[in-house]
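Undergrad: Chains as they are written, first to last, in UniProt numbering: chain A, 1 to 139; chain B, 1 to 270.
Among these hints, one or two may not hold up.
What the hints assert, rightly or not - Pulled a few chain B residues facing chain A out of the computed Cβ check, cut under 8 Å:
| hint | residue |
| --- | --- |
| 1 | P145 |
| 2 | V158 |
| 3 | E166 |
| 4 | S167 |
| 5 | S265 |
| 6 | L266 |
The set of hints was computed from the structure by calculation and includes no laboratory data. For each residue, glycine too, the CB sits at the ideal point set by N, CA and C.
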Amino acid sequence: MITSGVGARSDVELRLPADGAYAAVLRTLTAGLAARLDFTMDDIEDLRIAVSEVAAMVLDEADAGADLVCRFRLEPGELRLDCSTTAADPARPDYDSFGWQVLTTLTTDASVEAAPGTYAVRIALRSSLDPAVIDGAGL
Amino acid sequence: MTEVDSRDSGRSAALDATRRENARLFAVFRDDGASDAERDSAREALVHLHLPLVEHCARRFRNRGEPFEDLVQVGTIGLIKSVDRFDTDRGVEFSTYATPTIIGEIKRYFRDKGWAIRVPRRLQELRMQISASTAELTQSLGRSPTPREIAEAIGCSVEEIVEGLESSNAYATLSLDAGDDSDGADGGGQSMLDAIGIDDEGLEQVEIRESVKPLLESLPPREKRILLLRFFKNMTQSQIAAEIGVSQMHVSRLLTRTLEQLRASLEADD
Numbered sequence: 001m002i003t004s005g006v007g008a009r010s011d012v013e014l015r016l017p018a019d020g021a022y023a024a025v026l027r028t029l030t031a032g033l034a035a036r037l038d039f040t041m042d043d044i045e046d047l048r049i050a051v052s053e054v055a056a057m058v059l060d061e062a063d064a065g066a067d068l069v070c071r072f073r074l075e076p077g078e079l080r081l082d083c084s085t086t087a088a089d090p091a092r093p094d095y096d097s098f099g100w101q102v103l104t105t106l107t108t109d110a111s112v113e114a115a116p117g118t119y120a121v122r123i124a125l126r127s128s129l130d131p132a133v134i135d136g137a138g139l
Numbered sequence: 001m002t003e004v005d006s007r008d009s010g011r012s013a014a015l016d017a018t019r020r021e022n023a024r025l026f027a028v029f030r031d032d033g034a035s036d037a038e039r040d041s042a043r044e045a046l047v048h049l050h051l052p053l054v055e056h057c058a059r060r061f062r063n064r065g066e067p068f069e070d071l072v073q074v075g076t077i078g079l080i081k082s083v084d085r086f087d088t089d090r091g092v093e094f095s096t097y098a099t100p101t102i103i104g105e106i107k108r109y110f111r112d113k114g115w116a117i118r119v120p121r122r123l124q125e126l127r128m129q130i131s132a133s134t135a136e137l138t139q140s141l142g143r144s145p146t147p148r149e150i151a152e153a154i155g156c157s158v159e160e161i162v163e164g165l166e167s168s169n170a171y172a173t174l175s176l177d178a179g180d181d182s183d184g185a186d187g188g189g190q191s192m193l194d195a196i197g198i199d200d201e202g203l204e205q206v207e208i209r210e211s212v213k214p215l216l217e218s219l220p221p222r223e224k225r226i227l228l229l230r231f232f233k234n235m236t237q238s239q240i241a242a243e244i245g246v247s248q249m250h251v252s253r254l255l256t257r258t259l260e261q262l263r264a265s266l267e268a269d270d
């Protein structure tokens, strides 16, 4: 259980090599965090898929040898992930792509930031549980 | 076992018949005086006689990710072993003796073959518990349960549930070529690769055709006609020459020039 003295919010940060082999680490961590935030099993499964999509998008744009910086912001019943990398010349996000469709379907909020030097995908997911049930549990 | 004992009495006549047939076949099978052929056919008849028992056992393991037919097949191996080893003098029912062997064989299959990646036994059992209580809780709560609720139901920590969830991802690593369960016309299911689309071959042509269209419209009538005759009516240059009333050399020059123009304006468009 995460017990934090800073009130109802915690931040978790993970830095990995921008390499597909590490995507599983990101997925596992995300699932672990969501489990502690009282997401349901279905939510966690959705989150797992969403994170895979995020990783696929960001890895595609990452410069060779770049790092993947993943920042989680945890609130009761909500998880936000900001996944960014250094990308000299990132492609413009393709909002018609299959991956993006998947992402917007699974998340409550998703956005892409593509600018010279940086590429970031941000998602937010809320637990499908009634907030009243979550209140007080978990963090 | 309890299931077998508690069958309603309506079935007891059928059970008695099975029991008698079982005794008769075992007598032949164990008879040293019988020929090999007789004993073989008795053994086979015994296996067939008790196949419903295997199906009954296999049914308990349905919905755990392995095809029912495979479980029956594996369970049948347990049944054959039981037939070979059963001691009629012990005075126990054959089904009582065979059931644990059949179930053991099916469980062993799950343990050894079912997992794509070797996962410690403890996690394998945890995964079974998780999937069982997930199903129960989904029923009773009317929604997907949280890992905490599952942990409370099983009596372990949320950490262990997370660990168990990770291990369950190792259970079903299927080849991309693996067929699905639906039977195609040829009997085999469709593989995932079959379902993945590729760009239609003609797709690029559509774009080119659409780009060329306005350019064709702007050609002088004679050039347009030559193109039409050459590429749509498939006429040779000499035939075209005869049709239009110019020399073949001239047709050749006109064609080359027209095609060059088209290509140049297509590229200029890009």
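Undergrad: Confirm or reject each hint.
TA: Evaluated hints:
1. P145: This hint holds: P145 of chain B lies near chain A, its Cβ roughly 6 Å from the closest one there, short of 8 Å.
2. V158: Interface hint status for V158 of chain B: holds (6 Å vs cutoff 8 Å).
3. E166: Holds, about 6 Å.
4. S167: With Cβ-Cβ at 11 Å, over 8 Å, it is violated.
5. S265: violated, 28 Å
6. L266: With a minimum Cβ separation of about 26 Å from chain A (threshold 8 Å), the hint on L266 of chain B is violated.
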